[in-house]
Amino acid sequence: MDIPKVNERWTSQINEVTIGATADQGGTRSKVITVGGQTTLPGMTFEGDIPNSPVIAGYVSDVVPEWPDFLKKAIGNEINSPTEWAQKCVQEFGCDLISLRLNGADPSGDDKSAADCAKVVENVLKAVDVPLIIWGCGDDDKDAIVLQDCSAVVKGENCLIGSAKESNYKTIVAICKADNHKIISEAPVDINIGKQVNILLQDAGYDLKDVVMFQTTAALGYGLDYVYTILERARMTGLKGDKLMAGPQLADVGGEVWRIKDAVASEEILPGWGDPERRGPSWEAACAADYLQAGADILVMSHPSAIKTIQETITQIA
Amino acid sequence: MALTGMQIYKSLPKTNCKKCGFPTCMAFAMQVAAKQKALADCPEISDDAQSALSDASAPPMKLVKIGASGKEFVFGQETVMFRHEEKFHNPTGVAGKISASLSDEEAAAKIEQINKAVFQRVGEELKVSLCAVGVDCSDPAARAKMAAEKSNVPLILMGSVDSLKAAVEAVKDQKPLIYQADASSIDALAELAAATKAPLAVTAGSLEELADLTKKAKDKGVEEMVLSFNTEKPGDTLRTLTIARRAALKKSCRELGFPAIVDINGATPEVEGALANTFAAKYAGILLVNSVEPCQLLPLLTTIQNIYTDPQKPNTVETKLYEVGQPDENSPVFFTTNFSLTYFSVEGEVERSKIPAYICVVDTEGLGVLNAYAGDKISAEKVVKTLQEQGVADKVKHRKLIIPGYLPIFRAEIEETSEWKEVIIGPELASKIPAFLAENWK
Chain H
15 MDIPKVNERW TSQINEVTIG ATADQGGTRS KVITVGGQTT LPGMTFEGDI
65 PNSPVIAGYV SDVVPEWPDF LKKAIGNEIN SPTEWAQKCV QEFGCDLISL
115 RLNGADPSGD DKSAADCAKV VENVLKAVDV PLIIWGCGDD DKDAIVLQDC
165 SAVVKGENCL IGSAKESNYK TIVAICKADN HKIISEAPVD INIGKQVNIL
215 LQDAGYDLKD VVMFQTTAAL GYGLDYVYTI LERARMTGLK GDKLMAGPQL
265 ADVGGEVWRI KDAVASEEIL PGWGDPERRG PSWEAACAAD YLQAGADILV
315 MSHPSAIKTI QETITQIA
Chain D
0 MALTGMQIYK SLPKTNCKKC GFPTCMAFAM QVAAKQKALA DCPEISDDAQ
50 SALSDASAPP MKLVKIGASG KEFVFGQETV MFRHEEKFHN PTGVAGKISA
100 SLSDEEAAAK IEQINKAVFQ RVGEELKVSL CAVGVDCSDP AARAKMAAEK
150 SNVPLILMGS VDSLKAAVEA VKDQKPLIYQ ADASSIDALA ELAAATKAPL
200 AVTAGSLEEL ADLTKKAKDK GVEEMVLSFN TEKPGDTLRT LTIARRAALK
250 KSCRELGFPA IVDINGATPE VEGALANTFA AKYAGILLVN SVEPCQLLPL
300 LTTIQNIYTD PQKPNTVETK LYEVGQPDEN SPVFFTTNFS LTYFSVEGEV
350 ERSKIPAYIC VVDTEGLGVL NAYAGDKISA EKVVKTLQEQ GVADKVKHRK
400 LIIPGYLPIF RAEIEETSEW KEVIIGPELA SKIPAFLAEN WK
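Chains as they are written, first to last, in our numbering: chain H, 15 to 332; chain D, 0 to 441.
I should point out that these hints are in silico values taken from the structure, not numbers from a laboratory.
Don't take every hint at face value.
Claimed, not checked - Across the chosen pairs, the derived CB separations fall in these ranges: (1) D/427 x H/221: 31 to 41 angstroms; (2) H/217 x D/325: 28 to 38 angstroms; (3) D/112 x H/83: 25 to 35 angstroms; (4) H/166 x D/387: 33 to 43 angstroms; (5) D/50 x H/285: 53 to 63 angstroms; (6) D/207 x H/136: 31 to 41 angstroms; (7) D/427 x H/45: 40 to 50 angstroms; (8) D/62 x H/65: 49 to 59 angstroms.
Claimed, not checked - Listed next, the in silico BS3-like pairs over lysine-lysine satisfying Cα-Cα at most 27 angstroms (straight line): (9) D/217 x D/61; (10) H/223 x H/275; (11) D/250 x H/19; (12) H/184 x H/257; (13) H/19 x D/217; (14) H/19 x D/232; (15) D/353 x H/86; (16) D/312 x D/215; (17) D/36 x H/275; (18) D/217 x D/171; (19) H/275 x D/219; (20) D/64 x H/86; (21) D/431 x D/376; (22) D/214 x H/275; (23) D/353 x H/87; (24) D/219 x D/61; (25) H/275 x D/319; (26) D/18 x H/19; (27) D/215 x D/249; (28) D/86 x H/254; (29) D/353 x D/376; (30) D/61 x D/171; (31) D/149 x H/19; (32) H/133 x H/184; (33) H/275 x D/215; (34) D/312 x H/209; (35) H/254 x D/171; (36) D/64 x D/36; (37) H/257 x H/275; (38) H/322 x H/87; (39) H/19 x D/384; (40) D/64 x D/9.
Every residue gets a Cβ at the ideal spot worked out from N, C-alpha and C, and that includes glycine.
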C-alpha cells in the first residue's frame with residue numbers, strides 16, 4: 015500500500031560556516047573545513063540537503079587536563095606538548111580540525127601570560143595544517159587579554175574563536191573583526207540566552223553568518239536531556255526561518271565527559287560497572303552519537319578510540 | 000489522529016444523563032479527547048458510534064506488551080516526534096541476543112549475565128529489559144523453555160518458521176515476541192501469533208511492503224505487532240524509522256502504528272555501541288544488542304534514561320544529606336538545591352576536588368539556585384530548617400557552612416539564626432569548587 019507523504023517543508027538553510035584559510039585565501043592551511051548548510055534535520059536527506067558532514071575537532075589543551083591516567087595513556091606522551099598532541103590528533107586520530115583550549119591562562123590555575131599563550135597558538139598553528147578552534151580559559155577579564163594576543167598571531171587564518179557570552183561579547187567581536195576570525199557564541203544551557211547572545215553579536219556589527227552556536231555541553235547522564243533538546247529545538251527554529259538561530263552547532267563532548275564519575279571512576283567506586291578504560295571511551299562515543307542526532311555539526315572529542323568510533327558512525331549514518 | 004472533543008460529542012447520545020460522572024455529554028467528550036476517559040465509560044453509547052469512534056480515537060501508535068505476569072515489557076504508544084513537544088513515554092528496551100549456536104551451558108551463562116545486568120544510577124534502576132533467544136538449534140522447544148525458566152526478563156524468540164512454531168508453543172503462556180515475519184513467512188507466523196496471542200515482529204524491504212504485511216497479519220487476528228529493522232545501512236534505517244513514525248503519528252497510518260525493534264550490528268563492539276545510542280535517541284522501541292558488557296550497556300541505558308526524561312517536569316534529587324567520598328567530622332558542608340542538574344554539578348565538582356564533603360540538599364521544587372531565589376523557593380530560614388532536619392550539626396565538629404556564591408545575602412541571617420556561625424560564600428559556578436576548596440579548606 016502507499017505510505018502517506020510525510021516530508022517536512024523546512025523553509026530555511028542553516029548557515030554554512032568555513033573555518034581555516036589556505037594560501038590562496040591568505041592563510042597557511044592545507045584545507046579548510048565547512049560545516050552547516052543543511053536544509054533538514056540530521057540524516058533526513060529525503061526532504062532536504064546535507065552538503066557537509068559533521069566534523070570532529072581534537073581536544074588539545076596547553077596544560078595537561080585533570081584526566082584519568084588511562085585517557086592520558088591512550089593519547090600518549092604527546093599530551094605533555096600541545097604541538098605534539100595536536101599533531102597526533104591530526105596524523106594518527108584523523109581529526110578534521112583542532113580545538114585548542116588555553117586552560118593554562120586561568121588566573122586560579124597556572125595564570126600563564128598572554129604572550130605565553132600566543133606562543134602556544136603560534137606553535138600549534140605551525141605544527142598542523144588543519145584549521146584551528148581557539149578558546150580562552152573561561153575567565154572573561156583574562157581572556158580579553160589572552161585572546162587578543164592569540165588572535166593576532168593567527169591573523170588571516172580564519173580561526174573559530176571561543177567564546178562570546180553576554181558578559182564579554184564586545185571584546186570578542188572587536189578581536190575577531192580586527193583579525194577576521196569566526197566566533198563561537200556561548201550560552202549556559204538556555205536557548206533564550208543563546209538567541210540573546212546572537213542578537214548582541216549582531217547589534218555589535220558582527221555577521222551571524224560567521225557564528226557557530228554553543229550551548230555549554232552537558233555530559234551524558236548530567237543534563238544531556240536539556241542540551242539535546244536545546245540543540246534540536248534550535249536547529250528546528252533555524253530551519254523554520256529564524257535567522258538568529260541558523261548557526262551550525264558545536265558540542266564539547268571531550269571537554270565534559272572526562273569530568274564525570276560515570277566515565278572515569280574505577281570499579282572499586284562503581285562496583286559492577288566494568289573497567290573504566292573501556293567504559294570511558296564508550297561513554298564519550300555514546301554522548302557524541304546522541305548529540306549528532308540532536309544536530310551537532312562540530313564535536314570536540316578526546317579519546318582516540320571514541321574518535322575512531324564516531325568517525326565510523328558518522329560515515330554509517332550518513 | 001486524535002479526535003477533537005467536538006467530533007466525539009457528535010456521536011454521543013447528547014442526553015446529559017450524567018451516568019458517566021460528568022455533568023454534560025460535552026464535558027465527557029472533552030475528557031475522552033484528552034485521553035482521561037475511555038468511550039466505554041459512557042453507558043448509553045450505541046455500538047455503531049463506539050466502533051466508529053474507537054477506531055479513530057485509538058492511540059496512533061499501539062501499546063505492545065511482551066511477556067506475562069511478573070515478567071513484562073511494555074512499549075509503544077508514543078505520541079510525538081520530538082521530546083520537547085510533550086515527552087517520550089515508554090523507555091526503549093535493550094534486548095541481549097543469545098545466539099542459537101551457543102550450547103545449553105553457554106546460553107544459560109549469557110542469560111545469567113543478562114539477569115545480573117541491573118544497575119543503580121541517580122536513584123533509578125537501569126537494566127536489560129529482554130532476552131532475545133535464537134531457537135534455530137537442535138531442540139527449539141527445550142531452548143525456549145530453558146530460557147523462560149532461567150531468565151528474569153521476558154523473551155524474544157528468533158528463528159525460522161518451524162523452530163518458532165515449536166519454541167513459541169512451548170512457552171506460549173509467557174507471550175514471547177515472535178521474531179520475525181517477512182513476506183514469505185507472514186501467513187504461518189501470523190497464524191502462530193493469533194493462536195498464541197503473542198506479539199509479532201514484522202519486517203520487509205520497504206515501508207509499503209511492511210504496511211501490506213501488518214495489514215495481512217491484522218486480518219488474521221494479530222493485534223500487537225512490532226516493526227522490525229536492522230543496521231545494514233544505518234542511515235537508511237534512521238530515515239525509514241522517521242518516516243514510519245511520522246506516518247503513524249501525523250497521518251494516522253494504522254498499518255505503521257506500531258513501535259519498532261532495531262537489530263544492532265556493527266563492525267566493532269564500539270561502533271555497535273554508538274549505533275545503539277543513535278537508535279535509542281531516534282525511535283527504536285527495542286534495541287537488539289550483542290554485547291551485554293557493563294561498559295557498553297551503561298552509557299546506552301543512561302542515554303535512554305536521559306532521552307525519556309519528561310522535559311516538562313524538573314528533574315529532582317531526593318532532599319537529604321549526601322556524602323561525597325567518606326567525609327568525617329572535619330569535612331566541609333555545602334548546601335544546594337534539589338534540581339538534579341545543580342546537585343550533580345556540585346557533587347561532580349566536589350568529587351573532583353578529592354576532598355570528602357557533605358552536601359545538604361534543600362527542597363526548591365526542582366529549581367536551580369537563582370530561579371529558586373527569584374521564585375521564593377529558597378530562603379535562609381528554609382536552609383536552617385533543612386540543616387536541622389537532616390541533623391547536619393551532629394555530623395561535623397566545626398560550624399562552617401559553604402553556601403552558593405549566588406546567595407551571599409543569606410550569610411548574615413544564617414549566622415544569626417542558627418549554630419552555623421561561620422558561613423563561607425562559595426563560588427557561583429560549580430566548576431570553581433575544586434579551586435575554591437583548595438584555597439579555603441585547609
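Now the hints, each set against the structure:
1. D/427 x H/221: 31 to 41 angstroms: 32 angstroms, holds
2. H/217 x D/325: 28 to 38 angstroms: About 52 angstroms separates the Cβ atoms of residue 217 of chain H and residue 325 of chain D, which means 28 to 38 angstroms is violated.
3. D/112 x H/83: 25 to 35 angstroms: 29 angstroms, holds
4. H/166 x D/387: 33 to 43 angstroms: 57 angstroms, violated
5. D/50 x H/285: 53 to 63 angstroms: 55 angstroms, holds
6. D/207 x H/136: 31 to 41 angstroms: 59 angstroms, violated
7. D/427 x H/45: 40 to 50 angstroms: Given range 40 to 50 angstroms: holds, Cβ gap about 41 angstroms.
8. D/62 x H/65: 49 to 59 angstroms: 40 angstroms, violated
9. D/217 x D/61: Holds. Residue 217 of chain D to residue 61 of chain D sits at ~13 angstroms (cutoff 27 angstroms).
10. H/223 x H/275: Distance of about 38 angstroms is beyond 27 angstroms: violated.
11. D/250 x H/19: 9 angstroms, holds
12. H/184 x H/257: 21 angstroms, holds
13. H/19 x D/217: 23 angstroms, holds
14. H/19 x D/232: Answer holds: residue 19 of chain H to residue 232 of chain D is near 22 angstroms, not above 27 angstroms.
15. D/353 x H/86: Status holds; Cα separation ~19 angstroms.
16. D/312 x D/215: Measuring from Cα to Cα gives roughly 41 angstroms; hence the hint is violated.
17. D/36 x H/275: Not satisfied, since the Cα-Cα distance of roughly 45 angstroms exceeds 27 angstroms.
18. D/217 x D/171: Distance of about 19 angstroms is within 27 angstroms: holds.
19. H/275 x D/219: Status violated; Cα separation ~52 angstroms.
20. D/64 x H/86: 46 angstroms, violated
21. D/431 x D/376: 25 angstroms, holds
22. D/214 x H/275: At roughly 49 angstroms apart (the allowed maximum being 27 angstroms), residue 275 of chain H and residue 214 of chain D break the hint.
23. D/353 x H/87: 21 angstroms, holds
24. D/219 x D/61: Given that 27 angstroms is the threshold and the Cα spacing comes to 17 angstroms, the pair holds.
25. H/275 x D/319: This hinted pair holds, its Cα atoms lying about 20 angstroms apart.
26. D/18 x H/19: 43 angstroms, violated
27. D/215 x D/249: OK: residue 215 of chain D and residue 249 of chain D at ~23 angstroms, within 27 angstroms.
28. D/86 x H/254: Within the cut-off at roughly 21 angstroms; holds.
29. D/353 x D/376: Status violated; Cα separation ~31 angstroms.
30. D/61 x D/171: 21 angstroms, holds
31. D/149 x H/19: The given pair, whose Cα atoms are some 46 angstroms apart, is violated under the 27 angstroms limit.
32. H/133 x H/184: 24 angstroms, holds
33. H/275 x D/215: 50 angstroms, violated
34. D/312 x H/209: 23 angstroms, holds
35. H/254 x D/171: This hinted pair is violated, its Cα atoms lying about 50 angstroms apart.
36. D/64 x D/36: 21 angstroms, holds
37. H/257 x H/275: 38 angstroms, violated
38. H/322 x H/87: 16 angstroms, holds
39. H/19 x D/384: Not satisfied, since the Cα-Cα distance of roughly 59 angstroms exceeds 27 angstroms.
40. D/64 x D/9: Violated: residue 64 of chain D and residue 9 of chain D sit about 33 angstroms apart, past 27 angstroms.
Of the numbered hints given earlier, the model fails hints 2, 4, 6, 8, 10, 16, 17, 19, 20, 22, 26, 29, 31, 33, 35, 37, 39 and 40; all others are met.
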